[in-house]
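Colleague: Residues per chain are reported as follows:
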Amino acid sequence: MQAFLVTETVLQAEPLRALVADAGHGAIVLFEGVARNNFGGRATAFLEYEAYPEMAEQQLALLGQQAQAQFGIGKVAIHHRIGVLQIGETAVLIAIGSAHRGAAFAAVAWLMDQIKLVVPIWKCEHWADGSQEWVGQR
Amino acid sequence: MQAFLVTETVLQAEPLRALVADAGHGAIVLFEGVARNNFGGRATAFLEYEAYPEMAEQQLALLGQQAQAQFGIGKVAIHHRIGVLQIGETAVLIAIGSAHRGAAFAAVAWLMDQIKLVVPIWKCEHWADGSQEWVGQR
Amino acid sequence: MIITIRFFAGLREALNQSSLSLELAENATVGTVLQRLAELYPNLPLTGLAYAINRQYVTLEATLKPNDELALIPPVSGG
Amino acid sequence: MIITIRFFAGLREALNQSSLSLELAENATVGTVLQRLAELYPNLPLTGLAYAINRQYVTLEATLKPNDELALIPPVSGG
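Those sequence lines, one after another, are chains A, B, C and D. Take the first sequence: its position 10, counting from 1, is numbered 492 in this note's numbering, and each next residue is one higher. Take the second sequence: its position 18, counting from 1, is numbered 500 in this note's numbering, and each next residue is one higher. Take the third sequence: its position 1, counting from 1, is numbered 18 in this note's numbering, and each next residue is one higher. Take the fourth sequence: its position 25, counting from 1, is numbered 42 in this note's numbering, and each next residue is one higher.
Please keep in mind that the hints were generated in silico from the structure rather than gathered at the bench. Just so you know, even glycine gets a beta-carbon here, dropped at the ideal spot from N, CA and C. Be a bit skeptical, because a hint or two may be false.
Covered stretches of chain B, as calculated for chain A (at least 3 residues, CB under 8 Å) [said to hold, decoys possible]:
hint : region
1    : 502-512
2    : 534-546
3    : 590-600
The following label-pair restraints were derived from C-beta to C-beta distances [said to hold, decoys possible]:
hint : chain 1 : residue 1 : chain 2 : residue 2 : range
4    : C       : 43        : B       : 520       : 21 to 27 Å
5    : B       : 615       : C       : 43        : 27 to 33 Å
6    : C       : 58        : B       : 548       : 51 to 57 Å
7    : B       : 568       : A       : 569       : 19 to 25 Å
8    : B       : 584       : A       : 582       : 48 to 54 Å
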């Protein structure tokens, strides 16, 4: 299992959890970003994600290294789904193993902020009214 | 599946995740507190948890309600294992579903702090040298 | 009146039992119970405890009713 | 020299293609490419972009080498 992956297949938490587990870790944090049924109150039918996959995986791995250096976490893995996602499906999955929980909580919040800033992945909202829109682009 | 549970059986993340999932949630956070192989650098053979189970479940439910009110998260569930735990086994599992991730991150950190303050559960370190010690009690 | 006292973790081990029934005068408080326990078991470590009556945290001044369950709660360490 | 340009999301849709090969003079910069694209496709939304050469973020001033892959990166929205 690749620690940093952009994939069209359904994300699964358990293999990622196994990747970051370690006998010296007292804390495991899993974060899932999930396709929800609205954005700013407007009804969403489904989502579509597009990536620059080679660069996105590089950027995810770089963020993982930075998080280890900055927060002192043990292991980290990040998978991002692309393609069409139905409501309730997981778009991004972050797993962190850490000796202590404080570092893991700080790292996961930072990682999600960074992913939304620098990783070349784009979300298209397919609204319930049939129209569509790339988020953040007009 | 009971949302707030103290149990002697192995904790499983997937059923707890299902309990807090919702079409309006964009974020799911799972936290696992795991038995690790040392405490303050001293080698641990295994852990043993004891609870005042009826009160502990009540306290967990109360913390869940407080977290919902205080952070605006959607759903929350907390399971705590008791009895003998081998290294790497999960002692506590928190699942949070939330419209937005910031509330979920704040709530999970707060919940773990509170659990360690008010929930009547006690950890006994069984050290690798054969001695044992109730943590925080002399 | 009779109440039940529950012991956990180090306290349970020190006493070698997990509960005890005690006969008390009406309007006895948690503090009354602690004094009685200190007389009965001089070596019992009764400092740093929290108290719960019927699973609710209370203070030393709380009064007990017949059949109450009083829990003596050492510093917790779950999670 | 020839370089490849890659387009994503709204930019890919506006152009109706995901990549393009372009013939450039030596020492052309990212800025040069943007000017050329603005001439070729006057309606293309080229504001608010970030740039990457061979999968590394660069600035407008970065110079291109033969066979480089230049990506025009609209505001990202993963996660």
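Colleague: Are 3 or more residues of the region 590-600 of chain B near chain A, judged by a Cβ distance of less than 8 Å?
Modeller: It holds: at least three residues are needed, and the region 590-600 of chain B offers 3 whose Cβ sits within less than 8 Å of chain A.
Colleague: Tell me if the beta carbons of residue 615 of chain B and residue 43 of chain C are separated by a distance inside 27 to 33 Å.
Modeller: violated (40 Å)
Colleague: Range hint 48 to 54 Å: satisfied by the CB atoms of residue 584 of chain B and residue 582 of chain A?
Modeller: Roughly 21 Å apart at Cβ, these two residues miss the hinted range, so it is violated.
Colleague: Is the coverage entry for the region 534-546 of chain B by chain A consistent with the three-residue Cβ rule at 8 Å?
Modeller: violated (count 0)
Colleague: Residue count check for the region 502-512 of chain B against chain A: does it reach three with CB-CB under 8 Å?
Modeller: holds (count 9)
Colleague: Is the hinted range of 51 to 57 Å satisfied by the C-beta distance from residue 58 of chain C to residue 548 of chain B?
Modeller: At roughly 36 Å between Cβ atoms, residue 548 of chain B and residue 58 of chain C fall outside 51 to 57 Å, so the hint is violated.
Colleague: Could you say whether the range 21 to 27 Å given as a hint is met by the Cβ separation of residue 43 of chain C and residue 520 of chain B?
Modeller: Once the Cβ atoms are compared, 51 Å apart, the range 21 to 27 Å for residue 520 of chain B and residue 43 of chain C is violated.
Colleague: Using the C-beta atoms of residue 568 of chain B and residue 569 of chain A, is the stated range 19 to 25 Å upheld?
Modeller: violated (39 Å)
This entry does not satisfy hints 2, 4, 5, 6, 7 and 8, going by the numbered hints stated previously.
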